[in-house]
Amino acid sequence: MSILTSALGALGHRWRGTASSGDPRLLPEAQLSGPMPWVIAIMIALTVVAAASGLALRNAARTASADLEGGVTVQIVTAAPAERTRQAAAVLAALRTAPDVAEAHQVAQEDLNTLVEPWLGTRPGDDVEALPIPALIDVRLRAVATPDRLAQLRAIVVPVAPSARVDAQAGWLAPVFAAIETLQWLAGGLIALLACATMAAVLLASRNALGNHRETIEIVHMLGGTDRQIARVFQRSMAFDAAAGGLAGLLLGLITIFALGRQFAGLGSGMVSGAVLRWPDWIAITAIPLLGVGLAVLTARLTVLAALRRML
Amino acid sequence: MSQPDAEIVQFDNVGLRYGTDKEILTDISFTLYPGRFYFLTGASGAGKTSLLKLLYLSQRPSRGLIRLFGTDAITLPRERLPGFRRRIGVVFQDFRLVDHLSAFDNVALPLRVAGVSEKDIARPVGDMLEWVGLGDRQHARPATLSGGEQQRVAIARAVIARPDMLVADEPTGNVDPDMALKLLRLFESLNRLGTTVVVATHDVHLIRKVPESLIMRLDKGRLSDPTGALRYPPRRPAATNPIAASPL
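Protein chains in written order, with my numbering: chain Y, 1 to 312; chain V, 1 to 248.
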């Protein structure tokens with residue numbers, strides 16, 4: 001009886017007031033045995049690529065916008081070459097004395113030929129000089145090209161070149177900026193959908209696991225186990241799966257980003273050069289798996305607690 | 001045995017039915033007092049297991065009043081159930097051991113659920129398994145244990161945390177007479193330490209082994225023999241029997 005006395009007497013009733021814990025041995029934890037890590041890996045990889053695309057597009061738009069917001073183009077559209085040249089020189093001289101103008105220069109004829117080359121051709125015998133290509137003056141203002149400033153510029157330009165057109169460079173790219181903004185929203189929507197899909201997958205996996213371990217859960221309940229203890233076991237299991245899947249997904253996503261980056265870098269021109277990822281962007285991208293783990297754990301917890309509340 | 005001063009369990013006109021079937025427990029009224037040893041008897045299908053389920057809060061009644069440890073168990077908020085369940089040790093008829101846990105971990109489960117530290121678990125659990133004759137099977141999974149061994153693990157799990165009330169459903173059904181007697185002595189030891197013991201059995205020989213016990217008898221869902229007359233020989237006058245004293 002001494003052993004029994006030891007067994008029964010060692011604990012007394014002290015434990016009833018102690019804080020309960022989520023012991024991993026309450027339920028079997030099937031780590032990395034199911035499809036959940038792979039599902040989460042795919043979701044995280046797609047989210048990483050979508051987020052990187054959205055951030056790169058945002059950076060490209062910001063860079064282009066910064067470059068163009070003080071830019072104005074003056075077109076001298078007179079058909080006669082001599083008159084065009086004269087008006088261009090007069091406009092240039094007038095603009096260089098304007099207080100808001102930081103810089104103004106005429107776009108070289110060679111550059112204009114290069115611009116129209118894809119449409120008009122430069123094969124032997126082509127004569128682009130014979131076409132009435134407008135003279136272009138690239139103007140850089142000291143501030144943003146607002147409608148008021150454009151009106152002031154027109155007031156300077158029109159007296160010396162009545163047929164001149166004065167346009168803000170940002171205005172030309174407004175449809176491009178609108179398209180980029182749409183793509184950014186699309187990337188955001190895609191990320192939201194992927195988060196919803198991840199939550200749905202975790203919800204189904206949690207319910208399935210609850211069904212598989214229902215008998216054990218009932219026993220733990222009968223022994224005084226709380227819903228939170230049981231939920232913690234599922235949370236821990238899900239956190240492990242999500243962390244493994246998140247890491248794999250991040251690696252897959254990064255490989256995809258670098259491959260796409262190399263492809264776009266090969267284009268080497270225009271707005272693409274501004275579509276780069278900066279350090280804050282990389283931090284945000286590497287935080288995606290952590291957010292994924294948090295989302296999966298929270299979903300598992302809420303699913304399990306909701307299901308347990310239906311049990312006595 | 002001194003007259004108890006407060007009831008640990010009180011049933012008043014309790015009825016239980018599953019779905020729309022007829023009641024399997026009808027007008028059950030009785031009172032259990034702390035530190036007593038009770039047997040619940042009755043033929044198979046009389047409702048013993050259903051009555052025990054109400055006792056260990058696995059089932060809510062269809063009607064009637066149940067007070068447990070002085071608290072209304074019917075209106076008890078769900079979040080307070082674990083605290084009450086930790087005060088009740090249960091030996092299930094089908095053992096209900098956790099398959100993926102060893103015998104040691106099964107016995108340690110109530111302590112881990114209660115948040116007892118690992119250093120405070122090892123010795124009492126080892127001693128308890130030693131006492132029930134399974135000292136050399138501590139690491140065995142339930143699937144590798146015989147029916148009798150599983151039953152002993154289930155009993156060790158039920159008593160390890162020294163509950164205020166022990167509820168056992170046919171706890172000696174799968175063990176030999178010697179082990180049955182030994183387990184009964186375990187229940188008596190626990191009872192002497194202050195635990196109220198309720199054992200459901202139809203083994204009259206087992207009931208005879210505990211002369212101080214009190215008896216409830218279920219017959220077709222009704223508590224038909226609350227005076228302890230079934231016990232042989234009936235040593236206690238009905239008037240001093242707390243079951244007899246309670247309104248029925």
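Hints may be right or wrong, so weigh each one.
What the hints assert, rightly or not - What follows is a list of derived Cβ distance ranges for each label pair:
| # | chain 1 | residue 1 | chain 2 | residue 2 | range |
| --- | --- | --- | --- | --- | --- |
| 1 | Y | Leu-247 | V | Gln-138 | 57 to 65 Å |
| 2 | V | Arg-208 | Y | Glu-218 | 31 to 39 Å |
| 3 | V | Gln-138 | Y | Thr-256 | 45 to 53 Å |
No wet-lab data here; the hints were simulated from the structure.
By construction, the Cβ of each residue, glycine as well, lies at the ideal position given by its N, Cα and C atoms.
Against the structure, the hints:
With their beta carbons about 37 Å apart, Y/Leu-247 and V/Gln-138 fall outside the hinted range of 57 to 65 Å. In this structure the hint that V/Arg-208 and Y/Glu-218 lie 31 to 39 Å apart at CB holds, the actual value being about 34 Å. Checked against the hint of 45 to 53 Å, the pair V/Gln-138 and Y/Thr-256 passes, with Cβ atoms roughly 51 Å apart.
Hint compliance for this structure: hint 1 is the single one not met.
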